[in-house]
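Student: These are the residues of each chain, in order.
4 protein chains.
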Amino acid sequence: MTKEEFQALLDHSVKEARAILPQGKVADYIPELKKAKSDQLGIVLTDLDGNIFASGDTEQAFTMQSIVKVFALIYALETLGEDVVFEKVGMEPSGASFMEMTTLSDFSNKPSNPLINAGALVIASMISQDIDFQQFLDYISGLCASDGLKVNEAVFDSELNHSERNHALSWELKRLHLLTNSLEDTLLFYTRGCAVELTARELSRFAVILANGGFDPLSGEQKVDPDVVKTTLTLLFTCGLYNGTGEFAVRIGLPAKSGVGGGILAAAHQRFGIGAFGPSLDIYGNSIGAIKVLSELSAKYDWHTFAWNK
Amino acid sequence: MTKEEFQALLDHSVKEARAILPQGKVADYIPELKKAKSDQLGIVLTDLDGNIFASGDTEQAFTMQSIVKVFALIYALETLGEDVVFEKVGMEPSGASFMEMTTLSDFSNKPSNPLINAGALVIASMISQDIDFQQFLDYISGLCASDGLKVNEAVFDSELNHSERNHALSWELKRLHLLTNSLEDTLLFYTRGCAVELTARELSRFAVILANGGFDPLSGEQKVDPDVVKTTLTLLFTCGLYNGTGEFAVRIGLPAKSGVGGGILAAAHQRFGIGAFGPSLDIYGNSIGAIKVLSELSAKYDWHTFAWNK
Amino acid sequence: MTKEEFQALLDHSVKEARAILPQGKVADYIPELKKAKSDQLGIVLTDLDGNIFASGDTEQAFTMQSIVKVFALIYALETLGEDVVFEKVGMEPSGASFMEMTTLSDFSNKPSNPLINAGALVIASMISQDIDFQQFLDYISGLCASDGLKVNEAVFDSELNHSERNHALSWELKRLHLLTNSLEDTLLFYTRGCAVELTARELSRFAVILANGGFDPLSGEQKVDPDVVKTTLTLLFTCGLYNGTGEFAVRIGLPAKSGVGGGILAAAHQRFGIGAFGPSLDIYGNSIGAIKVLSELSAKYDWHTFAWNK
Amino acid sequence: MTKEEFQALLDHSVKEARAILPQGKVADYIPELKKAKSDQLGIVLTDLDGNIFASGDTEQAFTMQSIVKVFALIYALETLGEDVVFEKVGMEPSGASFMEMTTLSDFSNKPSNPLINAGALVIASMISQDIDFQQFLDYISGLCASDGLKVNEAVFDSELNHSERNHALSWELKRLHLLTNSLEDTLLFYTRGCAVELTARELSRFAVILANGGFDPLSGEQKVDPDVVKTTLTLLFTCGLYNGTGEFAVRIGLPAKSGVGGGILAAAHQRFGIGAFGPSLDIYGNSIGAIKVLSELSAKYDWHTFAWNK
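Residue numbers (this note's numbering), protein chains in the order written: chain A, 1 to 310; chain B, 1 to 310; chain C, 1 to 310; chain D, 1 to 310.
No wet-lab data here; the hints were simulated from the structure. Hints are not guaranteed to be accurate.
In this list, chains with the same sequence are indistinguishable; a pair is considered to hold if it fits within one copy or across any two.
Stated by the list, open to error - List time: in silico DSSO-like cross-link candidates among lysine-lysine, alpha-carbon distance up to 27 Å:
| no. | residue 1 | residue 2 |
| --- | --- | --- |
| 1 | K174 | K110 |
| 2 | K300 | K3 |
| 3 | K35 | K174 |
| 4 | K34 | K174 |
| 5 | K223 | K300 |
| 6 | K25 | K15 |
| 7 | K25 | K150 |
| 8 | K150 | K223 |
| 9 | K35 | K25 |
| 10 | K37 | K25 |
| 11 | K15 | K37 |
Between the sequences and the hints, there should be enough to build the whole structure, so can you do that?
Tutor: In structure tokens, the structure reads:
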């Protein structure tokens with residue numbers, strides 16, 4: 001298939017997926033997120049040769065929300081190593097049931113994994129001790145090949161004002177001696193990270209690094225250690241989409257991470273890095289339109305991790 | 001690398017792994033299982049060309065225990081289809097915490113997935129309505145290329161006499177209208193399935209079908225539908241090793257299913273089908289020796305599902 | 001106040017309480033119970049001198065349901081003693097949340113108390129080993145001064161056909177070695193007990209024994225040991241009305257036990273034994289009309305356990 | 001029995017109870033509490049005529065800890081009324097399992113009752129909005145007939161530095177819109193209340209008010225509304241001693257509240273107000289010596305709420 005054919009198929013798929021956007025709804029648990037335009041949908045795929053295929057609202061900035069957990073995990077694994085990281089956070093699927101929230105009693109000694117809020121707070125605590133937020137932002141920008149991602153301050157403020165559960169989780173983590181930095185710094189670092197804005201195009205650039213063993217095909221640099229990528233992809237596959245994780249793994253079969261801002265990061269291993277955006281969410285809090293497009297593409301091109309003949 | 005070199009490496013790995021067997025212990029929750037010899041360890045790998053590499057106690061018969069859930073799932077998916085199966089059982093990791101047991105309150109509407117006991121009982125109920133146990137045994141034998149697997153009646157009796165939890169689960173499933181056959185038939189069918197004996201060699205023969213998109217390289221037959229294999233491998237990857245699933249996925253990275261009889265089934269996708277046996281178990285109820293060998297082989301040959309360069 | 005005045009007040013209270021009966025609804029979890037007439041309401045009070053005050057539908061037989069747990073507890077305490085009984089069942093409020101059901105995971109080692117289903121099954125197991133059901137029925141009849149209470153066989157059959165949760169609980173109790181008789185006998189004994197029919201008048205006769213330190217003022221016999229009565233009243237006060245227990249204790253302040261058949265047993269300590277019946281139930285599964293009458297009487301006559309000036 | 005005989009019995013009982021003090025242990029979850037002398041034990045009983053019987057270490061000041069919840073509840077009920085109070089906190093036993101701690105998931109809409117930490121924080125939030133801490137301290141002092149109770153600042157500081165769980169609970173309460181004052185003020189108010197020091201003698205003076213329908217026999221004043229006392233005694237009886245509540249109710253049968261500082265407040269309804277102190281605690285966190293003495297006295301004098309012949 002030619003690039004043009006693939007692009008045409010992609011455009012067709014995005015166009016068709018717009019029809020189901022009204023079946024989802026925009027996140028409303030914080031006022032600022034409600035402002036998102038529910039009819040937007042965009043996706044960017046970058047292949048291992050650096051070819052880029054974009055369709056829809058790919059230049060619309062959105063806040064990363066939970067997707068920042070992936071950047072934080074990678075930074076922690078790269079700088080601190082697996083032993084240090086997994087001493088304070090597990091690597092098991094949690095079976096948790098609502099959005100990105102987990103109740104305190106879901107963990108006894110440590111959070112189940114780094115992709116639920118409790119685990120992400122532990123990671124945020126680790127790395128905020130090491131670098132300041134601007135340095136982390138520069139790190140993220142580097143992975144996205146952006147010349148400078150920014151925090152959406154209005155979203156950050158709104159989120160901070162509605163972060164009671166994260167405060168509760170943090171205090172419980174402190175009680176369990178799982179915070180290595182101050183509780184306040186941990187929370188600010190994490191919450192600020194959730195409010196970092198980027199586009200589907202930028203997210204795709206990071207995703208291709210994950211699909212490509214840590215190597216950025218466009219810049220020609222090894223940006224992440226291959227073993228860190230391997231661990232990250234595994235956790236995305238087993239824990240990345242809240243309690244829709246299992247169904248996504250069975251049906252679509254890609255390591256992925258979603259955010260309630262409407263973003264989805266996915267990696268078709270050794271094929272494509274994918275950044276998608278569509279703020280209309282399904283009942284699990286995942287972009288309903290992006291899931292639809294990913295489902296079609298994965299089926300058509302046998303991207304499923306356990307597909308035959310790939 | 002030549003076959004001889006690979007065989008030598010395998011022998012070396014099995015030999016070394018025997019040293020850690022004393023760190024585990026044989027399952028003791030039913031009397032019959034306690035009789036297993038804790039110093040045994042064997043592994044058989046079958047590649048996609050039908051080459052077989054065996055080392056250790058590969059002809060020792062052991063009872064499948066939870067591994068039967070994989071055969072039952074495949075039978076149900078093949079004959080009833082995904083829609084029927086997943087109407088009564090989920091596809092989400094459960095985060096369950098002890099052995100293969102799940103408490104009733106872990107599910108509200110239906111069991112999390114087909115690989116926890118509650119889910120396996122639902123599947124057993126479905127298929128026991130369709131065929132009698134001997135037919136199911138023939139089906140399993142066919143997948144293992146055995147001329148006739150047998151039930152270990154002593155283990156079956158012992159297990160049936162210690163199946164209070166499964167009875168409790170079954171009654172709760174009945175209350176939720178999730179049993180399609182009688183409770184008694186469901187329980188007998190499932191419990192009998194757990195007591196089917198086979199060797200690592202036979203298990204490996206089944207495993208290569210899973211690694212090979214459903215095609216048996218030795219008989220030249222398409223034995224399982226590729227889509228059923230895909231779904232099965234995904235569930236093995238996300239739910240196959242009790243609450244050691246996440247760690248196994250991160251560290252070793254293979255779809256696998258263990259049984260408290262000491263067996264492990266694993267599939268290195270598009271590479272090898274693996275049957276292993278070693279009744280000395282780690283704290284999660286998985287064969288400690290088999291895990292060690294798999295860990296070494298996976299690392300050395302980059303079998304990890306999300307390894308680069310495979 | 002004269003007896004006539006009290007009777008007039010009682011009649012007035014019952015008449016007024018009928019107005020709220022439509023706000024409740026008849027138990028519908030088993031078909032036979034649905035047949036109850038939702039507009040019925042009756043109450044009988046027996047004082048320590050043996051005076052009886054009756055109003056409303058006091059001769060309508062109804063099945064005891066959970067109220068049988070009180071008779072069973074008393075029998076067990078009298079014949080086996082506190083040490084034996086409380087070795088296998090606790091004495092703590094459970095905080096359980098729905099009807100008389102408790103999920104298995106609500107107890108780890110033993111059921112919280114003898115008034116939740118799991119605890120009552122343990123008690124049923126103890127006493128069914130000691131006597132047959134007819135003997136137990138004779139014992140109950142004796143406490144109610146009836147010449148022969150009967151089991152409503154239609155209710156018993158219906159209930160047995162909808163006893164999946166109790167089967168599940170029983171298997172879990174068996175697993176925990178808390179059943180002293182066979183599971184089948186335990187379940188039959190308990191379920192049959194729930195289907196024993198009596199009238200509010202008969203229930204009142206038993207209640208006055210509880211209000212009177214075990215002494216039946218009408219027959220002049222000491223029917224229950226005073227210490228057994230003391231323990232029983234305490235458990236009724238702290239655990240008797242499902243998850244409406246706390247509110248009933250605060251607002252009305254009497255040791256009491258309700259059944260989903262619409263019966264309520266209450267004891268105004270050293271004052272009155274009360275049997276009430278009204279099948280229209282509130283959201284906790286307690287007779288909405290009987291609660292209303294008890295509430296008024298308790299307030300007017302300072303029956304609250306911790307009222308002043310009594 | 002003469003007063004002298006009763007005093008002699010009391011002295012004997014306290015002396016004997018000292019023998020079991022080594023079986024308990026002093027609270028150690030905050031450093032300051034560890035300083036308590038484990039061999040101390042004292043009890044003061046005040047009857048409705050104002051006679052005082054004291055034995056042991058009755059002048060040793062100790063911090064109230066959870067006992068302050070009783071003062072706070074009474075203040076809230078008196079000033080805000082039952083409707084306002086129970087809109088934000090329940091009146092059901094919680095079945096909670098450890099000390100005074102409750103996990104967040106134990107309540108969905110509101111805390112079970114005002115005597116678990118979560119409920120007490122809700123009450124503290126209500127009253128701290130109304131009065132400042134000194135006013136509350138004056139109120140407590142008034143009920144204890146003290147000329148000025150004081151906060152043990154070292155205990156307060158120590159406790160504040162170990163209040164992670166209470167912080168977590170408070171944030172969760174804030175999320176559920178159950179705090180009517182600021183989170184910080186709520187926590188400080190509650191934590192400071194726990195550190196108020198008093199003696200068994202002072203506690204007994206408050207207790208007699210509870211035993212006497214709100215009337216202080218020594219000052220001749222009606223200090224608490226009788227209905228508030230009634231509600232309070234009920235909650236003490238059903239929820240006052242953590243998860244030892246049920247056993248205490250069955251065995252000893254008095255409304256009571258304990259604190260991990262070693263204090264116990266108990267009311268023998270219409271008989272005695274009791275203040276006891278002994279920092280050596282049993283496994284439930286209740287003073288092991290005080291429980292022993294109360295057990296003996298209650299049995300000997302039939303103080304049990306549901307005893308006959310009182």
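Student: It remains to establish, for every hint, whether it holds in the given structure.
Tutor: How the hints compare with the structure:
| no. | hint | verdict |
| --- | --- | --- |
| 1 | K174 to K110 | both (11 Å within a copy, 24 Å between copies) |
| 2 | K300 to K3 | within (15 Å within a copy, 37 Å between copies) |
| 3 | K35 to K174 | between (34 Å within a copy, 25 Å between copies) |
| 4 | K34 to K174 | between (32 Å within a copy, 22 Å between copies) |
| 5 | K223 to K300 | between (30 Å within a copy, 23 Å between copies) |
| 6 | K25 to K15 | within (18 Å within a copy, 52 Å between copies) |
| 7 | K25 to K150 | within (26 Å within a copy, 54 Å between copies) |
| 8 | K150 to K223 | within (21 Å within a copy, 54 Å between copies) |
| 9 | K35 to K25 | within (12 Å within a copy, 45 Å between copies) |
| 10 | K37 to K25 | within (10 Å within a copy, 46 Å between copies) |
| 11 | K15 to K37 | within (16 Å within a copy, 60 Å between copies) |
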